[in-house]
Amino acid sequence: MSKLICSIFKVKSRFSSYLDRIDTTGRIKELIWSSLFCFLLSLYIASL
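Okay, so the sequence shown: first residue is 1 according to this note's numbering, each after it adds one.
Among these hints, one or two may not hold up.
Below, in silico cross-link-like pairs of lysine-lysine (DSSO-like), each with a Cα-Cα straight-line distance of 30 Å or less [stated by the list, open to error]:
1) Lys10 x Lys29
2) Lys29 x Lys12
3) Lys3 x Lys29
If you are wondering where the hints come from, they were derived from the structure by calculation, not from laboratory data.
Start from the sequences, fold in the hints, and give me the full structure.
What follows is the structure, given as structure tokens:
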């Protein structure tokens, strides 16, 4: 589980630097991270 989270954070940092160039308002990024967080939370709860 922790390895999965580490890889997600690696992708996240790479992806967010890419998004910063496109998404100047930060709206898209906010939407993506909130949906990703909800998805991860549901995965975590399901694995309990």
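- Message: Need the list of violated hint numbers for this structure, in ascending order.
- Response: Of the numbered hints, all hold.
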